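If you want the building blocks of each chain, they are given just below.
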Amino acid sequence: MSPARAAASVPRLALTLAFVLFITLPFVMVLLQAFGAGWFGMRLLPAQWTLRWFGWAIATVDLGQVLVNTIAIALIATVVSLVLAIPAAWTLARHHIPFKSVLITAILLPRMIPEITFALGVAKVFYALHLTNSYLGIALAHVILAAPFAVLVLASAFETMDPRLLEAGQVLGCNTRQLFQRVILPLAMPGLVAAALFSFLASYNDFVLTLLVYGPDTVTLPVQTYLSIGGGYTSVASAISVILLIPSFLFLFGLLRMVRPENLLGGLKGA
Amino acid sequence: MTPDPIPRLALAHVRKTFGVFVALEDIVLAVPAGMFVSLLGPSGCGKTTLLRLIAGSIVPDSGRVLVDGEDVTAVPTWRRNMGMVFQSFALFPHMTAAENVAFPLEVRREPAAARQQRVREALALVHLERHADAYPRQLSGGQQQRVGLARAIVYRPRILLLDEPLSNLDASLREELRFEIGEVTHRLEITAVYVTHDQREALALSDRIAVMQSGRIVQFGTPEIIHRQPASSFVAGFVGYANAIPVDIEAGSARLRTGEAVLRPADPRGISGPAIAFIHAGDVALRPVAEPGENRLLCRVAALAFMGDHIEYVLEHLPGLRLKAQVRSDSGIFAPGDPVAALLPAGKLVVVPGEGPGRDGPAG
Chain Y
10 MSPARAAASV PRLALTLAFV LFITLPFVMV LLQAFGAGWF GMRLLPAQWT
60 LRWFGWAIAT VDLGQVLVNT IAIALIATVV SLVLAIPAAW TLARHHIPFK
110 SVLITAILLP RMIPEITFAL GVAKVFYALH LTNSYLGIAL AHVILAAPFA
160 VLVLASAFET MDPRLLEAGQ VLGCNTRQLF QRVILPLAMP GLVAAALFSF
210 LASYNDFVLT LLVYGPDTVT LPVQTYLSIG GGYTSVASAI SVILLIPSFL
260 FLFGLLRMVR PENLLGGLKG A
Chain C
5 MTPDPIPRLA LAHVRKTFGV FVALEDIVLA VPAGMFVSLL GPSGCGKTTL
55 LRLIAGSIVP DSGRVLVDGE DVTAVPTWRR NMGMVFQSFA LFPHMTAAEN
105 VAFPLEVRRE PAAARQQRVR EALALVHLER HADAYPRQLS GGQQQRVGLA
155 RAIVYRPRIL LLDEPLSNLD ASLREELRFE IGEVTHRLEI TAVYVTHDQR
205 EALALSDRIA VMQSGRIVQF GTPEIIHRQP ASSFVAGFVG YANAIPVDIE
255 AGSARLRTGE AVLRPADPRG ISGPAIAFIH AGDVALRPVA EPGENRLLCR
305 VAALAFMGDH IEYVLEHLPG LRLKAQVRSD SGIFAPGDPV AALLPAGKLV
355 VVPGEGPGRD GPAG
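The listed protein sequences derive, respectively, from chains Y and C. Taking the working numbering, the leading residue of the first sequence gets 10, the next gets one more, and so forth. Taking the working numbering, the leading residue of the second sequence gets 5, the next gets one more, and so forth.
If you are wondering where the hints come from, they were derived from the structure by calculation, not from laboratory data. All of these numbers come straight from a predicted model, not from anything done at the bench. Every residue, glycine too, gets a C-beta built ideally from N, C-alpha and C. Among the hints, erroneous ones may be present.
[Said to hold, decoys possible] Derived, one-sided and incomplete: chain Y residues facing chain C with beta-carbon distance under 7 Å:
id : residue
1  : Thr59
2  : Leu93
3  : Asn142
4  : Leu174
5  : Asn184
6  : Arg186
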């Protein structure tokens, strides 16, 4: 690179760095707050490093139970989302149905509009049906958010499936059920894993809907973070936030690499 | 005459349309058990549609599909007990070679012990014992198609369907696998229907060939008959006749429509009027101009290509009428511009009625 061009790229580099800093600084703040103590005044970094806020979190807000609640609800939401999304995605991907684009828009609606606008409606229905403060109820609320993702991911997995493999399965003697279990599901496995992870995260991370339908027995991590902030325990809230971040970060850095389609699915030579 | 035994496969007046497009029209075909039949034709002639219709993936608009005399037109694919080898191999990528071959036995709930034995036998038949645990992506194209063949025969299907199984392979592999398909189907006495657009494959493998054109079977016969006595100029062009000479036949003599020369085919097939005389390039012999005799066209060498064991000549009889000749390279070489007599042996000349190439098929 010529010196002139190198010089020209300096402002671009600076801008990019500033942008990355802008995005990541809040996370840095949360991490410093969660692991630091004596961070007052004009200090750039905390005076001490400590795990005491995690201890406080466990002692004061029953963090273990909150974690169990959150994970249990997320697992239920994931299963329900997949059970609903698999047939819906199959129909959308492989059948000619009228008003397909309208249907897809309807399915995606919960992701397009702010949660708070329909959270109240969900809460009203849930109160009437006594679904609040129960794992199943909160999980069902989360399905509204999780299922659209699952449908989209699975529909694209089903759509890209080689129809000749399905034909081969039938000629070789598969009835409809066998074809689904032995051919379609294994071929769609990368999509299924991705849909399950998306669904799990959508539920695990949800705050707005949960806030309107949770109860004393069903406090989840995001709600607890909010409650701790409200109580003025910012360091405890930061410690909970760090725990809340773990699945997202695992997903982002580790699992994403693991579930690359080509690692799960053999290449189709000549297809 | 003794009545024919019930054929393994019979198609009775099958018709299939896609919208306004007629894909198959009045298909009648009977395949006795153990016979190897090829459906030969250009792309779009309906041969693959016919194969998928036999498999059950496509339902005909009218007509019936019979297997061993039983009407299976309404029987779903998975209960027809047919084997199929695909152009794209269509192996299951999430299963090893052995698992792919075991798959049709598993869905038939074959006991595990018998299953393993038969998978081993099938893999041995296609020489892939050592690759049993390899995934399709770890195998070459030829090996993948061998797995496809083993998977299609391991459960002894009533009919083996092959959909251009060699089209995705390199030329050298293609020949090797062609021999293997012939060997396996012959040894197991499998009834096979083989779809191809390659006349050499069809000629090499088949007991009978059905030549298809625009959704119809235009000729059905042994490879020798198809090769030596094509029923139309379309068939002649499709089975590789390099030379098509427009003629008018009168009393057994074929007068060229270009020029004055007359050819006398051994079998004028009772044709009177416009016809096409076909001859393979390899059947054309070159003679010195001075040598007298029948069925000779005076030509000039327009071009030649040395191909090792043989030479390909392009000869011009008159402007607008060129011939291709393929002669052994040890028989003397003519140079471009040389006058030469092209000898078209009476027994090798095939005449079919018709106006000319381009009218009813891509001849020449």
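For each hint, the structure was consulted:
no.: 1; hint: Thr59; in the structure: violated, 49 Å
no.: 2; hint: Leu93; in the structure: violated, 25 Å
no.: 3; hint: Asn142; in the structure: violated, 43 Å
no.: 4; hint: Leu174; in the structure: holds, 6 Å
no.: 5; hint: Asn184; in the structure: holds, 5 Å
no.: 6; hint: Arg186; in the structure: violated, 10 Å
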